[in-house]
Each structure stands twice: as C-alpha cells, then as structure tokens.
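Trainee: Chains as they are written, first to last, in my numbering: chain A, 215 to 401; chain B, 215 to 401; chain C, 215 to 401; chain D, 215 to 401.
It should be emphasised that the hints constitute simulated quantities derived from the structure, not laboratory data.
Hints are supplied without guarantee of correctness; some may be wrong.
Pairs involving identical chains hold if they fit within one copy or between any two copies, as the list cannot separate such chains.
[To be verified] Okay, derived cross-link-like pairs now, PhoX-like style, lysine-lysine, Cα gap no bigger than 20 Å in a straight line:
#1 K289 / K361
#2 K337 / K272
#3 K272 / K315
#4 K239 / K368
#5 K255 / K239
#6 K239 / K341
#7 K278 / K368
#8 K361 / K239
#9 K341 / K315
#10 K341 / K361
#11 K341 / K266
#12 K239 / K337
#13 K269 / K361
#14 K255 / K361
#15 K368 / K255
#16 K368 / K266
#17 K266 / K255
There are 4 protein chains.
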Amino acid sequence: MKSIPMTTTLMALTLGAITSTAYGKEFPVVDGNITQDDVRKAQEAWGAALIKISKTYKDQGPEKAREVAAEVLDKGYGYNMGAVMFKPTLTTSPNTFRVTKEGALSYFAGGNKTYPDTGFALKGWEKYEFENAAVHISGNIALTMGKVRITNDKGEVTEVDKTWGFRKDDQGVLRIILHHSSLPYVP
Amino acid sequence: MKSIPMTTTLMALTLGAITSTAYGKEFPVVDGNITQDDVRKAQEAWGAALIKISKTYKDQGPEKAREVAAEVLDKGYGYNMGAVMFKPTLTTSPNTFRVTKEGALSYFAGGNKTYPDTGFALKGWEKYEFENAAVHISGNIALTMGKVRITNDKGEVTEVDKTWGFRKDDQGVLRIILHHSSLPYVP
Amino acid sequence: MKSIPMTTTLMALTLGAITSTAYGKEFPVVDGNITQDDVRKAQEAWGAALIKISKTYKDQGPEKAREVAAEVLDKGYGYNMGAVMFKPTLTTSPNTFRVTKEGALSYFAGGNKTYPDTGFALKGWEKYEFENAAVHISGNIALTMGKVRITNDKGEVTEVDKTWGFRKDDQGVLRIILHHSSLPYVP
Amino acid sequence: MKSIPMTTTLMALTLGAITSTAYGKEFPVVDGNITQDDVRKAQEAWGAALIKISKTYKDQGPEKAREVAAEVLDKGYGYNMGAVMFKPTLTTSPNTFRVTKEGALSYFAGGNKTYPDTGFALKGWEKYEFENAAVHISGNIALTMGKVRITNDKGEVTEVDKTWGFRKDDQGVLRIILHHSSLPYVP
C-alpha cells in the first residue's frame, strides 16, 4: 500500500451527457450512475481536503481554515439534501452525531461554543492514505469501508476504521451522505 | 423497548425530506424515491399543461402559447439533464425523435422552420384522461404505459398508446425523460 | 449504420463481484449498476432471439418455436418480477398491452385463442438492426429509444419506433420491463 | 375525467407488487423501492435475531446457536450478493472487517480457529433498543445511523454507535450490506 498523492482537486465530477458510438452511430447517453473511478476520486478528494484545511490553518489562521472547511462541506457533503449521517471519530454524547452542517463544521474547524470541539482538521495533517476493505455500488449510491491512516507534522499516524456513503447528485458531484469513523477497538 | 431522549437539532430538509417518528423519537429522513402518488400527480400535470397551452393559444395567440410550452418543457421534462427520449405521436423521419428541447418545443407549439410541425398543443384540447396498463417504480425512476385520450373543442377524441419515463430530480421534481406516443395500430 | 452480427448468445450477464485494484490493494466490489455495454448486449440479444424463434419455426415447427419464445420471455423479460409494460407493434384494443407472459407469448408465437395473434416472431425474420436515438441509465434501469429494422426471408424490411426499459436483476441479468413498439406515423 | 373499463387480466406480482386504484381503475404496479416501514422492520429484526441467538445458546448450546446465527446471516445479510462491509464492534486488525459470511459467523457465534472470536451473540443478550440519528433512502438502498443499546442477563447495558446499509433484493427482502459498529469514543 502506498500513500496517495495529494494533488487531486476537489470533487467536481460532471454527470452530463456522453456520446456513445455503439453500432457505428453516435447517440447521446445520460448516465447518472456512480462508477468505481468516481469513488476513488472522491476518496482521494476527502484526504486532499483535510490536508488543505490543516495547511490553511497553519498558513492563514483559524478563520480562513474555517472558510475552507465550510467550502469542503458545501461542495463535498450532502447537507444541501438534508441530514447527513456523520459520526466523527472523536465526538461524545450528546453530540455524537453531526447531522447538520453546523455540527460538522464545528468538528472539523472548531470555534463553535455549542460543541466541545477543538477542530479535528486543524491538527497539522500532512499525509493521508486509505485502504478499502470492500465497496458496494448501487445506482447513485456508493458505500465504502476500510482503514484510513493520517499522519501529522510530527510524523504521528492516526488509524481509523471508516465507512463512507456517497451520493452522486444531478450535477454529477459525489457528496458524502454518510460518514462513520471510529478508532480501532482495543481489547 | 422504550425510546431515549436525544438533543440533536433537526434541520430544514430539502430533498423529499421527512421527519419520522418511529420508536417515539423524531429523526430526519432524506428520501428521494418516487412514490405512486408522485406518478399520479405528474400524469395529471401533463394533461393540465396540454390544455393550458391550447387555451393560451386560443386566448392570447401563438407567441404566448409558445412561451407556456417552453415553460412546461423547462419544468416538466428532463432536457436540463441531457437528451430526452421523446417520440411524439405525429412525427416522421428524419425528425421522428425530439431529443432536444428545441425539437420538442417545435412539436408542441410549432413556429420552427427546421421542423415540419404545426403545433400539436395548439389544436384546441379541452379534456384529458388516461388509463394505466401498468407502472414500474425503481429508485428515482418511474415508468408508465397506458391509453391517453384527449378531446378537442369539437368533441373529437384522439386516443394514443403512451409510455412515460419520469425521473425525480434532486429538488424532488418529477421530469419526463422518456415519452413514446403512438396512434393505435389499425390492421 | 451496419447490421448487427447475429452470433450473440442470450442475456447472461453476471452481477457478481469485481476485484478492484485501486491504490495497489485488491478489494471486492459489488456493483449492480447497468453499464452501456450491458445495454448494447441486451439490445443485440433481443434481435438474436427474434431470429432464433423464426428459424426454429421454419426448421422445427410451431410447437418448438413456442418453446423457444417462452424461454426468451423467461430469461429476457421481467415477467418474473410482475407486470411488464409491453405494447407490441401490431396489437389492438382491448388486447393492446400484454402485461402478462401469456399475452406476450401469444403475440410472439401465436397459438392462444384468447388473443387474435398469428405469431409475430414466426414471420421469417432473418436480419435485425437498430439505431439508438438516445439512452438514459439510472441505477439498475436503462431506457433506450430508437429505430429497429428487421428483414424477412423475402428481403422485406419492417421499420418500427421502439422504446425499451431494461432492469438488471440481482443475478446481473438484464430483463425487459418495458417495450413499446409502433409503426412510423404516416401523415 | 372518468375512468374507462379495460379487460387486462392482472397477474400475480412478486416484487413488492401492488395493485393501484388511481383514477378508479386497477392496474398492476411493480415497486422495488425501500420504504421507511421496511427499514424499521429490518432494524427490529436485527435486534430480535441477536436475542434469539443468545437464547438458543443458553437453551440448546453452541452448535444450535451457530445454526441460528448462520440462518440470520443467510436471510438478513447480503453475503449472497458478494462482500458485505461489516466492521463489528469488537474486532481487531488484521481481522477488523468481516467481508465474508465465514468471518461474520465467527464473530457472532465463535467456534472458528481462524478468528480470535468468543461469539458476540452468545453473551446473554435479552433486550435491545435503538435510536436513529438520521435515515437516508435512495432506490433499493437505505442507510441508518444511530445509537443501539443492548442489555444482557445481568442487566448490563452496552451502547454502540451503529451504521447500517440495507439493500432490498428482488424478492423484497432487506439485506444488510453494510454494518459499522463502534464503542463510543472515550476522551
């Protein structure tokens, strides 16, 4: 397993039309299904976004980092469709689940007195890699489960068990509608 | 089994969003599936739109009728997603299929020299009824087939065999992505 | 446009698992979505089946042809899921729609006193070609519309406007759940 | 608008089939979508199954408990479709994910030397309750996230954060294709 290069731009997949040439004749095709390649790009984009928020925090401070995090949530999560099932790694009851954008933003970038968050994305993350255990694709939904390892600026590695649910919207953008992250069980 | 209080704030849901109260607790639900009721309403809306275009033509002339027809296509067909599979009742080769909005508008409201159309929706339609032979629903897609009968201002009835494919978009709007209409076969 | 070679075997697509090697690691993928290639093969299979029934009738008589037709309906249509929306080219009211397997079998192979059918698939079909106007894919559903031309043993060509709806079942088999066929409109 | 009589014979429908009476006329509907009620029943069934395995173990011993657990996996999980994304509460690397039925069975009922499992379902579970944070439904897929609390025969409560992904198969059975369970984070 090798680490993923962090040059991927944020999720900007286009649904759009394809022109097929089956039978030697061109005809338009509308295809809103998620592909395995879509999924790979969206997984890479998540890591790239995390690192970008961390770097923005270091270079430009917390306010700018929060702006970037909000943009990531707007473009890459499904809060525009309604509640997102988000169980971050380090949350506790009664704020375990962050089904609103406000709660998710607080988790990633802190600065919200309603939640006891210090900003998970602000912790100097520099490297990201993931390893799928399995993937299930059905229509405009893709589900993935696996290990994610992120490394901070001190070289410390955090490993989590992570499940994602992606939904491809009408513009062809994959949005995270489900995100369950947990530390490995220690007997 | 009793429910346990939770403090999660519910948010405004936009995509066919529902608040469920299963197990005595409210929680947000995002549900983009087409229902049978959605289908019935969309079938009724098509007939209402046809009659509205006819009436607009009679009351306000061809230009205004064309505006109404364009609005019907914008709001009720899926041309915003790409090619629509539209085989109108009375078209002939090489213009049988109207996969673009331009071609569909010409069929309904005429006034386009590219197509030999006189405007199907301008023919004084006053009454509309349909009778499903069967319906198939899968995810955000619904398919219907049946008889449609429309009556003009002279009381003449036109019967067609009609197939529709609807797709529910991210805003919860059913759009026609497939429309095959044909006169009954005469041996 | 060229004619389709008739060597395709009947629809036998497997859903099954795929092993992906994204990120240099193998992991299993379950993917039930229809692909454009699935659609092309299913369209080819329909033509191959029509010709096979015709040839069976010529070589082995009506009873054997009916057996082959029943097998085609069992394997390639969705009657096992419930009603199929089938509007054959040459049916008339009150038997226009053949939502049951019995009605479809009568249309293709005749021999059923309930319906006034002579057996459409028994008419010496030897060649088949189709030309898509457009295709729409969403999840396990694919919709196609276009021209189909079939040629009999006298070299006579019949052209129809044809819409198909395919559904990929849990075994990965594409089944026709919608089939609307009509002769071109003659002004 | 009045309905018009039609003589189509309705057939026995198998796939979530419904007879609709819209417009005063009956017609068959094939509808494979997951409903909220389906989801509730599947969540309840999971708890009932856990308790049943525990009780079987107590009353009839480990072998019979393993039989019941295998039946639960066969009927309620999607291993028949391929890999299931299953991250049980108490597994550790390199056996964290149980994408095969064998691995899942070992987790629930033990008795497999390949895995270091003592049988999670054998621990005297008597009560089960769950509390959804949110639900997302799309086509034949439903996703849920929330708290699950199970109580053993000593009255001890275990709380987990649980995500499920259900897929409705062609026979209308909801199968778990994703299951991520984790103990609450302790700071």
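Trainee: Next step is simple, just say for each hint if it's right about the structure.
Mentor: Hints and how they fare:
1. Within a single copy, K289 and K361 get their C-alpha atoms no closer than 24 Å, and across copies no closer than 28 Å, so neither meets the 20 Å cut-off.
2. For a Cα distance limit of 20 Å, the shortest separation of K337 from K272 inside one copy, 9 Å, qualifies, whereas the shortest one across copies, 49 Å, does not.
3. Taking the shortest Cα distances, K272 and K315 never come within 20 Å of each other, neither inside one copy (23 Å) nor across copies (46 Å).
4. Taking identical chains as interchangeable, the C-alpha atoms of K239 and K368 are never at most 20 Å apart, the minima being 58 Å within one chain and 27 Å between chains.
5. In this assembly of identical chains, the alpha carbons of K255 and K239 lie at most 20 Å apart only when taken from different copies (16 Å versus 31 Å within one copy).
6. In the homo-oligomer, the alpha carbons of K239 and K341 lie at most 20 Å apart only across protomers (18 Å), although the nearest pairing inside one protomer, at 47 Å, exceeds that limit.
7. For the homomeric pair K278 and K368, neither the shortest alpha-carbon distance inside one copy (23 Å) nor that between copies (52 Å) is at most 20 Å.
8. In this homomeric assembly, K361 and K239 come within 20 Å of each other (Cα to Cα) only across copies, at 12 Å, whereas the closest approach inside a single copy is 45 Å.
9. In this assembly of identical chains, K341 and K315 lie within 20 Å of each other by CA distance neither inside one copy nor across copies; the values are 25 Å within and 34 Å between.
10. With identical chains, the CA atoms of K341 and K361 are at most 20 Å apart within one copy only, with a shortest distance of 14 Å there and 32 Å across copies.
11. With identical chains, the CA atoms of K341 and K266 are at most 20 Å apart within one copy only, with a shortest distance of 11 Å there and 45 Å across copies.
12. For a Cα distance limit of 20 Å, the shortest separation of K239 from K337 qualifies neither inside one copy, at 54 Å, nor across copies, at 28 Å.
13. Taking the shortest alpha-carbon separations for K269 and K361, neither the intra-copy value of 23 Å nor the inter-copy value of 34 Å comes in at or below 20 Å.
14. For a Cα distance limit of 20 Å, the shortest separation of K255 from K361 inside one copy, 17 Å, qualifies, whereas the shortest one across copies, 31 Å, does not.
15. For the homomeric pair K368 and K255, neither the shortest alpha-carbon distance inside one copy (27 Å) nor that between copies (48 Å) is at most 20 Å.
16. For a Cα distance limit of 20 Å, the shortest separation of K368 from K266 inside one copy, 17 Å, qualifies, whereas the shortest one across copies, 49 Å, does not.
17. Within a single copy, K266 and K255 get their C-alpha atoms as close as 16 Å, which meets the 20 Å cut-off; across copies the closest is 42 Å, which misses it.
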